[in-house]
Amino acid sequence: MAFKRSIENYLNRWKLNAARKPLIIRGARQVGKTTLIREVEAAAF
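Everything in the sequence shown is counted per our numbering, starting at 91 for the first residue and increasing by one.
In short, the hints are calculated from the structure, not lab data.
Restricting the straight-line Cα-Cα distance to at most 25 Å, the calculated cross-link-like pairs of lysine-lysine (BS3-like) are:
{"id": "1", "residue 1": "Lys105", "residue 2": "Lys94"}
{"id": "2", "residue 1": "Lys123", "residue 2": "Lys105"}
{"id": "3", "residue 1": "Lys123", "residue 2": "Lys111"}
{"id": "4", "residue 1": "Lys123", "residue 2": "Lys94"}
The whole structure should be built from the sequences, with the hints applied where relevant.
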């Protein structure tokens, strides 16, 4: 079960922006940073 996170909307807007800059995801250990990126990318394809 995956929870909808507010940062997902931000990542989707970032991905669609043609003038985007590199993105760094920071946070504590084991909070779901990698899972978040994988879910956002999986939804795109």
